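Chains A and B, in that order, are what the protein sequence lines are.
Residue numbers for the first sequence follow the numbering used here, beginning at -6 and rising by one.
Residue numbers for the second sequence follow the numbering used here, beginning at 12 and rising by one.
Everything labelled a hint here was simulated from the structure, so no lab data went into it.
All of these numbers come straight from a predicted model, not from anything done at the bench.
Misleading hints may appear alongside valid ones.
According to the in silico footprint, chain B covers these stretches of chain A (three or more CB under 8 Å from chain B) [to be verified]: (1) 0 to 11; (2) 27 to 34; (3) 43 to 50; (4) 55 to 63; (5) 69 to 76; (6) 80 to 91.
Glycine included, C-beta positions come from ideal geometry on N, C-alpha and C.
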Amino acid sequence: MVPVGYYTTLSAVLFTIGVVGVLVRRNPLVIFMSIELMLNAANLAFVAFGREAGQLDGQVIVFFVMTVAAAEVAVGLAIIVAIFRARQRINVDDLNLMRW
Amino acid sequence: MELAFPVIGWRVITPMLLVTGTGFACLLLDLLPPKERKGHVAAVGLLGLALAGLATGLLWGQRETAFREMVALDEFALFFNLLFCVATGLVLLLSHGYIRRQGIEQGEYYILVLFAALGMMLMAAGTDLLIIFLGLELMSLSLYVLAGFFRTRPASNESAMKYFLLGAFATGFFLYGIALIYGATGTTSLPRLAEALARAELGRDPLLFAGLGLLLVGFGFKISSVPFHMWAPDVYEGAPTAITALIATGSKAAAFAALLRVLLGPMRGLQPDWLVLVWILAALTMTLGNVVAIAQSNLKRMLAYSSIAHVGYMLIGVVVGTQLGAAAVLYYLAAYTFMTAGAFGVILLLERRGAEAVQLGDYAGLAARHPLLALLLALFLLSLIGFPPTAGFVGKFYLFSAAIEAGYVGLAILAVLNAVIASYYYLRLIVYMYMREPEGEPVVAALTPAAGLGLAVAVWGTLHLGLAPGPLIGLAQGAVGPFLP
């Protein structure tokens, strides 16, 4: 059996990739995908820790998180589409109407 | 094999059920004609909130948990339920005329406000990190949509996008924090977490500390504390003003409710570890909020920075962590709800050349043209400064005296200095309204009966909490009883 430590390490790596992705990428869609990566890293950690503790709780939580993530996708894509309609391009650097 | 049917504690979630039912009823009602006017949806929403508030009053004093200790019925949850009912009710009253004038009168608006309120209630009542997470998401997703409700205005789109991306980013941190805490303790339930943490060997688990840190980042975003505040000014400026009021009052109160329940509940034993962190957050938040607010000429932005500063004051109560400190936070949240909703309520009534009057210059000589509205705005601003005999004064008094009593004199002095800085930009607006000559095209006010009622409630709250603070501070002290006896 693969030790739990491997899974948690992978999850930490995925989470870090997600955070870095959000910070360095400029396309809202890619930023959004990076956020999804962070959520899925948390899912992996939940499942791994749940298995380690011998409980089902961790896996049940993942279902809730997936539901929330799906709802978030719906809202997020709707907002991105609304902006794309108004400007014909999407780049977070263009979102500079308001600053300071 | 026999399956045991779980006992469902419907009674515990009565206020939430009422708001849910109202939300669904409004969804159906929205489909019926008239298509252009949606005032009846708002009226049903208000009725549902009033019923939820009534149910909260009837349940007062009971203590129960349900759904395997995932949701609690205690004074803490009930206090916040009442606060959310008032805040959301105020927003509904102020919204009605506003969204009609702005041409976005749609039933979804009211429905989303109701579901945001449901999320807030769930956050305050949740005694499981998962439930708090679900409540947070329900509230946030509704607010993301509401922030972008002016679909054709670039500023509103932009504010929705910024709110969404940064909010979802914070959600990622929050969730990973929960995962790590689950890994360290094997549970997400707050009562069981407290038991697990009481066992000494767990107390210094790095996994637990990393989890708590990530959780604090998530909370920091939601309460817009420095350095996680960058979204707030842009979102406040671009969102419909009534929604700005909801984000500033309700969503902040909900995040504080969950923060208090987690930090002063199971994490209380780790106070020496998180104390310094929250101390620094409080000091930075109030100072930066107030200093940057001085430079703002847009009123909504100014109030955004002012709300950041107020979060700094409220974090003092979290640092103090005594019964009085936590009760002072609850009191301050109630006072802040009335005065901020009132201030935004006046702003959203004023228009110039068909656009919302949000620039400082628009308010020059307002007292001559609209003496009543100018007077009300001045009252709310004085309360935000902390001028007696308003709610803001009593709130600050309780917070700062709790800090001094617990020995955090440095933080109290910093907060008082900050309050002095803050009075500059609030008073500047009052000076504009009363001592400048009106210039340019006249500012018109569109005072509707519903908005008038909303403002009246806000004024009543601001003055009543200032003149007779005793009952509410008593309620607040009872409310923090479940974890700070």
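Going down the list of hints, with the structure as the test:
1. Note: the stretch 0 to 11 of chain A has 4 residues with beta-carbon separation from chain B under 8 Å; the three-residue rule is met and the coverage holds.
2. With 4 residues having a Cβ less than 8 Å from any Cβ of chain B, the stretch 27 to 34 of chain A passes the three-residue criterion, so the hint holds.
3. Coverage of a stretch by a chain is defined here by at least three residues with a beta carbon nearer than 8 Å to that chain's beta carbons; for the stretch 43 to 50 of chain A and chain B the count is 5, and the condition holds.
4. Look at the stretch 55 to 63 of chain A against chain B: 3 of its residues bring a Cβ nearer than 8 Å to a Cβ of that chain, three or more, so the hint holds.
5. For the stretch 69 to 76 of chain A, the stated coverage by chain B holds: 6 residues have a C-beta nearer than 8 Å to a C-beta of that chain, and at least 3 were required.
6. Residue count for the stretch 80 to 91 of chain A with a Cβ under 8 Å from a Cβ of chain B: 5. That meets the three needed, and the coverage hint holds.
In terms of the numbered hints stated before, the structure departs from none.
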